[in-house]
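Chains as they are written, first to last, in the numbering used here: chain C, 1025 to 1598; chain B, 1019 to 1146; chain P, 63 to 493.
Among these hints, one or two may not hold up.
Stated by the list, open to error - Think about it this way: if two alpha-carbon atoms lie no more than 20 Å apart in a straight line, the pair counts; the simulated EDC-like pairs of lysine to aspartate or glutamate are:
no.	chain 1	residue 1	chain 2	residue 2
1	P	342	C	1339
2	B	1103	P	123
3	P	65	C	1592
4	P	291	C	1337
5	C	1397	C	1411
6	B	1098	P	272
7	B	1032	P	462
8	B	1098	C	1592
9	P	291	C	1386
10	P	261	B	1048
11	C	1407	P	462
12	C	1407	P	334
13	P	261	B	1127
14	P	65	C	1501
15	P	342	C	1337
16	B	1103	C	1581
17	C	1407	P	338
18	P	301	C	1411
19	P	261	B	1057
20	P	65	C	1497
These are computed hints drawn from the structure, not numbers from a lab.
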Amino acid sequence: MATSLEKIQSVMTKKYGSALEISTPGSSIRLEGSLDTYQMKVEAGWTAARFGYKAVINDITVPDVQEETIACSSYVDNVLERLHFDVAIIGGGVIGTSIARELSKWNMKIILIEKEEDVGVHTSSRNDGMIHDGFAAKPGTLKALYNVRGNRLWEPLASDLGIGFKRPGSLLLFSNPAMKALYPLMADRAKRNEVDGWEFWSRERVIAEEPYVTSKQHGGFFLPSAAVISPYKATVALAESAMLNGAKLMTSTCLTGFEIEHNTIRRLHTNRGICTASIVINASGNWADIIAEMAHDRFFSLHHRRGTECILDMESSRWQQHIMSMPSILQVREKTKGGGIVLTEEGNVLIGPTAEEHPGREQYTTSPSDMIKLKKHFTLNSKLSMDQIITYFCGVRPCTYEEDFIVGPSDNISNLIHVAGIQSPGLASAPAIAADVAEMVIAKAKTFMEIQPKANWIPKRTADIITRRLSLEARDELIRLDPSYGKIICRCEQVSEKEVVNALHSTLPATSLDAVKRRTRVQMGRCHGGFCTARCIDIIARELHIDACDVVKKGPDSQICKGNMSHDETNRIC
Amino acid sequence: MIKERCITCIICPKGCRISISQIDGELTIDGYQCSRGNDYARQVVEFPVQMLTTTVSASHDHHIRIPVKTTREIPVNTIKEAMRKIRAVRIALPVRIGEVIVENLLDLDVDVIATDSVTPHNWRNHES
Amino acid sequence: MMKPIEYVDVVVLGSGPAGLAAAFASAKQGANTVVLERQERPGGILKQCIHDGFGNLRYNETLTGPEYAYREIQQVIAALVPIRTNCFVASVEHGEHHFLLNCISPSGIERISARALVLATGCRERTDRQVFIHGDRPAGIFTAGLAQRLINIDGLIPGNRAVILGSGDIGLIMARRLSIEGVQVEGVHEIRHESSGLKRNIQQCLEDFDIPLYVQSTVTSVVGSQRVKAVHVAAVDVKNMPIMSTEQYIPCDTLILSVGLIPENELAHSLDVPIDPVTKGPVVDHVMHTMVDGVFACGNCVHVSDLVDYVSESGSIAGKHAAAWALDGCADRTLVPVSRAGNLAYVVPQMIDTSSPQRSASCYFRVRHTIERTTQLRINSEGQQLDCLTFDELYPPQMERFAINETIFSSIKQPSADISIELVLVEASHD
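Could you build all of it, start to finish, from the sequences and the hints given here?
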C-alpha cells in the first residue's frame, strides 16, 4: 500500500527540511528541489522508495552535477532509413544481446542498436564476471528470482556459446562467532531464494580448502553454485549467436529520439537513419531512464553506483581456490555485499568491487581512495599483496531506488518493454531475464503478426580458438593449418597472431584495439601491452586496410598514434 | 640574469664535476682538473654538439625504417635543419651497415650513415 | 605428428645482448648451442635503441644500439649458432639432468632437450597501473619503451604534445627523440629529488633541447575519455605523496612513462629458481649459475643494468659456464653467500662458488642512498679484510662494478659455519 502524500511530506521534511517537493505522477513518486551532495540525493531517493510506489523519479538537483546527455557517435549515414523491424533492442550490453539471441529463435526481424563501436563496452565488461549463487538477493525480489534461474541457465548457455565457464563456488567467511551463529538464518534465506546448495564449513574445513586464508576466520558459509564467466566474451558471443540467427546488429548507432503517436512508438531516429519497429526494448543500461524519457515514459530514475576492481597477476591464482569474502554484520543492511576475492574465468584473481554513489553514467575515473578501500580484501589471503596488481578498472552499475530490476512492458507506451536497473546480479540473471522478455515480446507480437519458431535456429556458436588452452599436439596441428597460430604476439597471455586476425574477421568483428583485447586477451597480461601494442597496431592496420595512424583504442577520436613517418613531410601528422 | 649549473666532464673517465655560472653573460667555470675540462665546459655552454641518430624510410616501402647516425657530433642548433634534410631521404634496399645515406650533411663535413644492415626481407628478421 | 625432440647442450633463452654473448661464449667452449628468440628478429631491445652511447667498455668505442646488436649477432652467426626467431617457449619441464622446452613457432611445436639453460629474458617496463596513476584511461598513454618502438621501428609518432613521467635514461632518451621528431615535450617529471638518468643524458637530452626537468614532481591523474587531453601534475612531499594544493593542469595529448623496469622471470618461476626479493632476479653465483643446477641467468633478468656492456659481460660468463656444465657433467658446488650491510641495496652475485674453476668474479652493486663523499667498500671474510676499494660518489641509479681477483678469491676460506663475504660501506676518514 502506498503511503499518503501527507505522511510522506512529513517524513521527508523531518529528514531534509523543506528543501524537497514531492508529487505522485502516475504510480511513481517524484522528488524535486535541491540538496547539497549526490550522496544525499541518492539517500533521499532510497527513503522515497520505502513508501510503496512503483518507482522513484528523483529530480533533485545537486550543485556542480549536470544531467548528462547521451554522447552520440559522430558517424552519420542512412543505412537504416525506412527499414522496418519487428523488434528493436536499444543497447548492446549482456541484456540486449541476450534478448536478441532469445528472439532470434523466432521468425522475426530483429535489430539491436549499440551506440559504441562494440558491444559490451560499458557495464557488461566492467564487472567481475561473477554468476552469483542468488543468496545475497533479497527474497521476493526480481533479483532473487532471476539470479537463481540465470545461474542454472548459464552453464549450458556458455557451452552453446563456446565460451569458458567455471564454478569455483563462493565462500562467505565468518569474521566472528556471532556471524557463525547466524548460519541458520543464512541457510533459511538461501532456501527461500531456492539457491542450489549451501554448506556450513568449519574453521578447519576452510583452512583445508583455502590454505592461505586469514587466521581471523570462524568458519564459513559455502555456496557451491557461484560461478564465473568472462562477461565481455559472453556479450560478444551472445551478439554473434543472435547475428548467426539473422538478428541485425548495428554498432556506432545511437538512438536520438522516438516519434510517438497514440501512446505508441512509431519511429526511431538514429544517426544512421530513421526506422520503424513494432516493438521496442529498452535495454540501455545506465541510460535506461533517459531512453524512457525519450519515449515519454519516465516513471523511474536511475542512480549510478561506481565500483572499482583490481586484477592480480596470473601467478596469484594458485593461492586461491574459491570466490571468497568476509562480509561484516553491518553489511547485511547495505545495498551491496562489499566485494571480496573473485577468481576470473580466465585465471586471474580479481579484488573488488567497491561501491560508491557517483553521478557519472560513464565516468570510469579511478582514484587512490578506491585502492585504499580494496586493501582490506587482500588480508583475506596471506599470499596476496598489492604489488601483484597488474591493473584496475572501474564500472558503473545502473540502479533504481528500489534497488531491484525493472523487467516488463511500459504502462503508458503500448509497444515498449523496459529492462532497466540491471545492476548486480545482472550478468547472472541475463539469460533468465532474456527468456522472460522474449515471452512478453512473443505474446505481444502474436497479436499483430504470424510468428513461428525457426526450424533452422542454430543454438551453437563455434568457440574461438584459444591456443594457450590447447594441448601441444593440438597446437602443432593448428600451426600446420596456419603458421600464424604459431606466431606468439602477446607473450604474457600467449596469444598468437592468428587469434588477433580471427577477432578482426569474426561475425561481430573487432574494430578497435580494446575490442581485440576483450576478444583475445592481448594487453591483458602483466606487461599490459608494453610489448604487444605495436604489433597489434600493425596487424589491425594490415587486416582492416587502414593507415596505422587510424587504428583506435576505443572508437572515434581515440587514435593511438598521431603521426606516420612513412607519409610525406607535409602530412606526417595525421 | 644568473644561470648556474653543474656538469660532468665526459672527456676522460675521471668525470670531473664542473660548475658553470653565467652572470649577465659572464662565464665562470670551476671544478675542472685539467684545461680540457675548461674547454669542454665552455663548449657545452656556448656551442653544444652531439651525435644525431634517427631513421629514414626505404624507397620501395616507406614503412621500413633504417636507423642512421651522423659520423660525428653536430651542433645542436643545426639538428632541426638536419632532420628536415634527413626526413626527405628515401633509401633503396638493401642497405649495408656503415653505408653513406647523406653525404656532407648541411656542409658540416659530416655524413649520415646507416647503423644496421637492412634488406627488403629482413627488416623485421635477421640476416640469414 | 609433432617434430621429434631435438637434443642440444645449451639453450639460450633470448637474443638480446645477454643472450647473444652467452651463445657465443657457449659455442666457443664447444657446446652445441641454440638461441631461442620470441620476437621476429634478434638483438632484443637494442634494435629500437637507435641512439648512441653503447659499447664504450666492450668495444672501446661509442656505438648505437643497432650497431652493437649487429656486432653481437654477427659473432654468433660466425660461430654457427642457430638463432630461432619467432620461437616462444611456452613451458619447461625439468627432467633428470636435462630440461625439455616446449616451444611455439610458425613451423610447429618444437621440443628441445638441453643439458643447461641460460635465461637471458631481459626485463619489462612498469606500467601506469603499477605506479597507480589514476583518472581516465584514454589512448595516448605509453611506456617509454613502447613509444620508442613505435617511433624507431614502426615509424609512428605517438602524439603532438607530451609529458614524460620518470627521468630514467629511457625517459630522457625519449624526450630528445620526440623533440627531434617535432613533438612538443612539455617537461619531464621525476618523483625523486634528482634524475635517475646518466648525467650525460640530462645534458644532451634535456638541457640541449630546452626541455624542463621537474624533480619531486609526479603525474597524479590523466584527463580525457578518448585521447589524453591533459594530465595533472603535483609536487610530492618527503614520503613521495602528492601535495594536492600544488596540483597543476597540463594540457597534452600524450603521457610517456619511464618508471622502472622489472626483470622478466616467468620461466625462472616455473622452474622454482629462487629469486632475490631486491633485484627481482634469480639468485646467482659468480658464474651466473642460479640456485637450480643447470639453470644459468644473465643480463637484465638478473638485475637491471644501466650499461649494456655489463649485460654482455654477464652473458659471456653465463654462456661459458653453462657450456662447461653441459659438457663436463655436474660438479657439486660449494656456495658461500655474499652478505651485505649498511647502505648497499644489493650485490650480484649473491653467492660465490669457491669450488669453481673460475677463480675471479665480477661483482655489481647499487647503493640505497646517495653518498657524495669518498667511500670505501671492504671485502671481508671471517672477520679478516681481504680487499678495500674506494669510490668517489655513489648514486642509487648508478650500478657500480668491482672485481674479486684471483688472489682475493683464493683467500676466501672454504666454508665452515660462519664464513661469508661481507661488504661494508664505510665513509673514509679524513686523516
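Hint by hint, here is what the structure shows:
1. P:342 to C:1339: holds (15 Å)
2. B:1103 to P:123: violated (27 Å)
3. P:65 to C:1592: Distance of about 47 Å is beyond 20 Å: violated.
4. P:291 to C:1337: violated (30 Å)
5. C:1397 to C:1411: Holds: residue 1397 of chain C and residue 1411 of chain C sit about 16 Å apart, inside 20 Å.
6. B:1098 to P:272: holds (14 Å)
7. B:1032 to P:462: Given pair residue 1032 of chain B, residue 462 of chain P holds - Cα atoms ~15 Å apart, limit 20 Å.
8. B:1098 to C:1592: OK: residue 1098 of chain B and residue 1592 of chain C at ~17 Å, within 20 Å.
9. P:291 to C:1386: holds (17 Å)
10. P:261 to B:1048: Distance ~17 Å between residue 261 of chain P and residue 1048 of chain B Cα, so the pair holds.
11. C:1407 to P:462: violated (34 Å)
12. C:1407 to P:334: Holds. Residue 1407 of chain C to residue 334 of chain P sits at ~17 Å (cutoff 20 Å).
13. P:261 to B:1127: Violated, at roughly 28 Å.
14. P:65 to C:1501: Distance of about 11 Å is within 20 Å: holds.
15. P:342 to C:1337: holds (15 Å)
16. B:1103 to C:1581: violated (32 Å)
17. C:1407 to P:338: Holds. Residue 1407 of chain C to residue 338 of chain P sits at ~17 Å (cutoff 20 Å).
18. P:301 to C:1411: holds (18 Å)
19. P:261 to B:1057: holds (18 Å)
20. P:65 to C:1497: holds (10 Å)
Consistency with the previously given hints fails for numbers 2, 3, 4, 11, 13 and 16, ordered from lowest to highest.
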